[in-house]
Amino acid sequence: MSERDLDARLRALFADADTGPGFEAQVMARIAARHTAPDAKMLLLAERHREATRQRLRREAWMNVGTAAGIGTALIALVWREGPAVARWVEQGLAAASDVGSLGTFAFVSLAIGTWVALQRLMTR
Amino acid sequence: MPADEAIIQLVQAGRAQEAFERLVPAYRRRVFGLAFSILRDRAAAEDLAQEVFVKLWQALPRYDGRAQLSTWIYAITRNAAVSALRSRRRTVSLSDAEVQAEVEGIAREPAASPDDAALRRRIEALPEKQRQAVTLYYLDERPVDEVAAMMGIPVNTAKTHLHRARASLAAALGAAGEVTE
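These protein sequences, in sequence, are chains V and A. Counting in the numbering used here, the first sequence runs from 1 upward without gaps. Counting in the numbering used here, the second sequence runs from 1 upward without gaps.
These are calculated hints, taken from the structure and not from any lab test. Just to be clear, a hint being listed does not mean it is correct.
Derived coverage of chain V by chain A (criterion: at least 3 residues anywhere in the stretch with Cβ under 8 angstroms from a Cβ of chain A; other residues may be distant) [said to hold, decoys possible]: (1) 2 to 9; (2) 13 to 23; (3) 26 to 34.
Because the structure is a prediction, the values reported are computed rather than measured. Even glycine gets a Cβ: it sits at the ideal position worked out from N, Cα and C.
Required output: the full structure, derived from the provided sequences and hints.
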């Protein structure tokens with residue numbers, strides 16, 4: 001077989017190898033499908049995130065209510081059972097609070113605790 | 001290539017959509033041909049070519065012009081085709097008999113004359129790079145330097161593959177008595 005014959009036969013063999021009709025339209029359809037898919041996915045993810053946040057806040061609110069109720073109950077029980085002793089602690093506390101040095105210490109400790117709590121919150125965001 | 005320059009200018013002007021609309025017709029046949037030369041399956045090659053254009057649409061705004069546009073597109077196509085081929089090999093494990101049946105099936109493509117079927121079988125039997133070079137060269141009558149660029153190999157290597165492939169085919173077909181298997 002001559003080279004020319006071989007060339008002709010190989011050209012003829014591959015002549016009809018091509019994409020089908022509507023190739024470009026199919027590409028654009030795939031792009032359109034991909035383009036909308038991430039949006040839908042993002043919406044779904046955002047909705048899930050919102051729902052998780054709602055549940056977390058509800059849980060925290062119930063825990064806060066429970067904590068406040070527990071502390072309140074404990075205080076009432078304490079006053080109920082140890083009334084005179086509590087009155088004495090309060091008097092002693094007020095006397096100590098009227099002292100300038102104690103007030104200064106209390107203010108400093110409160111400021112330090114407040115700053116620490118604020119920093120903790122900022123760092124966890 | 002003038003079409004490439006126009007496409008690059010559009011990309012640099014931030015008009016990626018327009019650039020893409022020019023890129024698809026300019027590269028459709030080359031991307032398909034390259035995919036076909038690697039996958040050896042027309043439907044799979046067309047599917048992969050569409051996927052490559054979707055990738056190009058996503059990546060085109062980030063094309064920085066460091067590589068030639070064609071080189072960039074061919075590299076994306078080659079990588080996608082090789083990945084597709086690997087995943088196909090992983091998922092489809094055929095016995096020798098099944099492989100033979102598949103090769104016969106490729107040879108019996110619609111409306112193939114006995115001569116064409118024999119020629120296809122000879123091409124299938126060529127080493128991978130030779131087969132790829134022949135397919136790319138004759139599929140769209142591309143010059144050898146472009147075949148080399150599409151395959152990602154030096155021009156002289158592409159010439160060698162092509163020369164050896166043609167010699168093998170001529171010898172095989174000649175020895176078979178003008179293709180009457």
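*asked:* Hint by hint, where does the structure go against what was stated? Just the numbers, ascending.
replied: When the structure is compared with the hints, none of them turns out to be violated.
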